[in-house]
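Engineer: Could you put together the complete structure from these sequences and hints?
These protein sequences, in sequence, are chains A, B and C. Per the numbering used here, the first sequence starts with residue 1, numbered consecutively. Per the numbering used here, the second sequence starts with residue 428, numbered consecutively. Per the numbering used here, the third sequence starts with residue 712, numbered consecutively.
These are calculated hints, taken from the structure and not from any lab test. In this text the structure is predicted, and so the values were computed from the model without any measurement. Hints are all accurate, no fakes.
Some, not all, of what chain B presents toward chain A, calculated at C-beta under 7 Å:
| hint | residue |
| --- | --- |
| 1 | 569 |
| 2 | 570 |
| 3 | 573 |
| 4 | 663 |
| 5 | 673 |
Here are the simulated lysine-lysine pairs, DSSO-like style, with alpha carbons at most 27 Å apart:
| hint | chain 1 | residue 1 | chain 2 | residue 2 |
| --- | --- | --- | --- | --- |
| 6 | A | 249 | A | 215 |
| 7 | C | 862 | A | 295 |
| 8 | A | 218 | A | 295 |
| 9 | A | 249 | C | 789 |
| 10 | A | 342 | A | 358 |
| 11 | B | 514 | B | 501 |
| 12 | C | 862 | A | 218 |
| 13 | A | 382 | A | 84 |
| 14 | A | 295 | A | 401 |
| 15 | C | 905 | B | 629 |
| 16 | A | 225 | C | 789 |
| 17 | B | 514 | A | 84 |
| 18 | A | 82 | B | 514 |
| 19 | A | 225 | A | 295 |
| 20 | A | 159 | A | 342 |
| 21 | A | 199 | C | 862 |
| 22 | A | 159 | A | 147 |
| 23 | A | 295 | A | 215 |
| 24 | A | 84 | A | 99 |
| 25 | B | 501 | A | 82 |
| 26 | A | 295 | A | 342 |
| 27 | A | 154 | A | 358 |
| 28 | A | 199 | A | 295 |
| 29 | A | 215 | A | 225 |
| 30 | A | 98 | A | 358 |
| 31 | A | 147 | A | 225 |
| 32 | A | 225 | A | 206 |
| 33 | A | 159 | A | 358 |
| 34 | A | 218 | A | 249 |
| 35 | C | 825 | B | 629 |
| 36 | A | 84 | B | 501 |
| 37 | C | 825 | C | 918 |
| 38 | A | 382 | A | 199 |
| 39 | A | 342 | A | 98 |
| 40 | B | 576 | A | 147 |
The C-beta atom is built at its ideal place from N, Cα and C for all residues, glycine as well.
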Amino acid sequence: MNEREERARTDRLLQEAMRARLSRRAVLRGAGMGVAGVSLASLLAACGGGEPEPETPADIFAGEPGPTVNFANWPLYIDQTKDKDGNVYHPSLRLFEKKYGITVNYEAIIQSNEEFFAKIRPQLQAGDPTGWDIIVITNGRQFNLLKQNGWVYKLDPTKRPNFEENATPFARDPDYDPGNEVSMPWQGGFTGLWYNSEKTNGPVTKLDDLANPDKVGKNSVGMLKSDMPDFVMIQLGIDPATSGPEEWKEAAKWLMMQRESGTVRQYYDQGYIDDVTAGNLSAGMAWSGDIVYYKLWAGYPQLEFVLPEAGSLLWQDNMMIPVGAENPVGALMVMDWYYQPKIAAMVTEWVLYLSPCKGVREQILKDAEQALEDGYKGYANKLYQTAEAEIAFPSDETLAKAKFGTNIMTDEQAEEWDAIFLPISQQ
Amino acid sequence: MSVTATRPARAELEPAPLHRPNKRWTRFILPGFTWFMIFYLALPVFVMILYSFNDIPQERQTPRFWGFTLDWWKNLFGVAGMTEALKVSLTVAPLSALVATALGALLGLSLGRYRFRGKGAINFVIFLAIAVPEIVLGSSLLSMFVLTKVVPLGFSTILLSHISFSIAFVAVTVRARVQGLDRSLEDAAQDLFADPVTTFFKVTLPLIAPSILAGFLLAFVLSLDDFVITNFVSGTTSTFPIWVFGATRIGLPPQVNVMGTLLFAAGILAALANVLVQRRRARR
Amino acid sequence: MAVGGAAETRGPRSRYGRRKQRAGVWLMAPAGVYLAAFLLVPMGMLVYTSLQSGGAFSGRFYFDWNFANYADVIVQYKTQFARSVAYSIAVTLACLLLAYPMMYWIAFYGQRWKSSILMLILVPFFVSYVIRTVQWKFILGDDGLIFGPLKHWGLLPEGFRVLATPFAVIAGITYNYLPFTALPLYVALERIDKSLVEAAKDLYSSKWQAFRRVVWPLSIPGVFAAFLLTFVPATGDYVNATVLGGPGTTMIGNIIQEKFLFEFDYPGAAALSVVLMVAMLILASIYARVLGTEDETLTAAI
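Structural biologist: Next up, the structure:
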């Protein structure tokens, strides 16, 4: 791994050396090369990705914010309600808009990291604006590429006071973005186990249960393709941060064993929740907020979410500002806005994921008391349950056992990882 | 030895009626099968209509049926982004179908009947258009649009891409019809009329009209339904399939069913309108 | 006097023939130009990408005639290739078997209802295909609208399921591509002269013979078009395998998608796509040769 780190560092040095040449090339391109603009050089550069990244200009966060902020996020990831005309709006955003007079165009169009990244990559590579000021990307390969290629601006720590004051320990300085150079988490969550108490033979508490046909039945387990290597490693006692191909092979061995046991019904990218609620699955891996939401708010009490003894996989969805954003100053203001306990609580109450802001739990308890006073007993009840939810406010013990996934940073790592794990789901 | 002995002994000499013996097939089996298939094709739509009345406690759908409600019908535009996405889809589809049909019909006509140099090449290009995996065409188009910067990503690039993959489907459909067409009809017409253009409009076009309509419908559906390619070239714009696919990650809001029902109803109305038009034409 | 002396003036080298040649070119020019710009150029970029090396993390992909990409992907994914072709053949056969009788009835017996019924067939496809697929999952779920009651009444074993099997994937693709099969078939069947069919029925001993000897050969261009429009895109489909499939149903389209989105292996994805298209081209030309499409249509036209 030492060699790989060196390789990565060398690559980065080379890219930095090319940066100075780049800005001139960018000027030339914009000025001279016309509509079709397809000189062989630019074709090769854009096709080939040899286009070095622009440096974050020193003064990108100085000055006044613009009038609008374009915010791209995942679906159902923000508080939402209807006004008296029946139009949907987001209260936390509206408070921001009222205070600063800046309009926020919030669009929940990110369905998956891969697809969204595939969409913005050609524009970023060509040095064009993506149309977004804030994007939200989970820690992982796409995040690393964005950071390494310099396609997101480095954030100015002096312009995010709320974050500096209120960020939780796991949100601050994660191993995938030391010092929060380019990102601030929006929400986080756990990947854990879930089961349907009406369909399994007793509770599912550990990884091996998912490979046990007597417990979960055949053809009824749902696995998450993107998370399963890391999750299995954690269950086997391996810390992904220090793992290498040897450990990866161990996890792959377990996964093949599971596949041969016949319990797996499907390997999912995203849409597993349909099969959960339809009763096609009896158990599997899941993201915390999904299962608990259906259990608490949508009438599926038989679903149980479990954070196993051996630990769980921690992930965070991070706000970043892509290069070419029109209103980086405004974007940073919005990002920092959500690090106030009151505002963060509004989001968590609705979303049920892990908040990166301190003091949210206390805020929710206060809201619950208020609701009780106002006579909304059912609502207060749900708020109390939210405050007690382990997945939204984990104990220190849980947090200690929760780990981020492996940080893939070079082509060699990626190739090895894929060669080991992809055949399991692709066979 | 009467002359009549050489005549065939059959009772009737007039042309046989369209419905012959073995009526079992034509009266029951074939039509029954067809209507069954139509029902089968529409089955998920019927389920969708049913669930548009589902009284679910929250905003995301599940297979369980809770009870009847008209809430979602009343609050049709209550879902952020869905209405705009639908508007984009309903604008792009007819436009793209129109252009693709015009270009594709001409192409199909030329391929089905004329021999010219480069015909093999064009056939190959058409084949490419159908064979290329959508994800690859989508990403290639995206790279091209970004590189050449002629149009910004959004409505125009969606439209251009849809036309691109639809032309081939229309061409193949029209070509199939043209290939079997009796040319003597047109040759005679061309001898009678002065120029090829009039022949085209008065003779050729009516003959291949059904295939053009079929091609138009195909192109329309292709455009309305396209997800993969559109997803790549749409930039920050959303079309209905993109929006819906995004929503499936956490469950579809029931308003999607309502929209789907309306689309379906629009299609049924169009079919009914066509019945009336045909009836009037038959009367003439 | 253009009516007489047709034979001498009709050859390809005659003025008439040359005019016809030019007409052909003019007709196809607009579409040809459009496709050149919006299809050939991206395809060119595709081939170019397939010969690149490099990786996303090292920051660059560079062109170096890397034909090894092709060898790698063919060897690595031959199972998925074979599986996709097998599924696709099943799908095309199913589509042809289902669509042909339907289109036959509509074309010959539909009379003035013809185009309306045709539209009815297409109308479900106005509704987004994602919605329809989700509804199918509801319907075909293990405890869904169909199997739930059936299991409840003991008509089916508990473990019975349709989803997450190859059958579900094939059925799903068949469902989605039925219009692509139906329309070309309809177009070809509809233009067949009814009196020919009547004459055939009088001449041959059975209806089946009449069909086999007259209608079927005349409809072959339509069958070929239907085959082309169904088999070829179906092989590259990936959504049905994702939504309705399970382990062991991965198709080549899924591989390409994952290569592209997850592995950032753009050269590999491009190489796979080119291989897929070439394979389809070969299969399609074999099929055309077997059916003798070009000749059939000439004899049929006389």
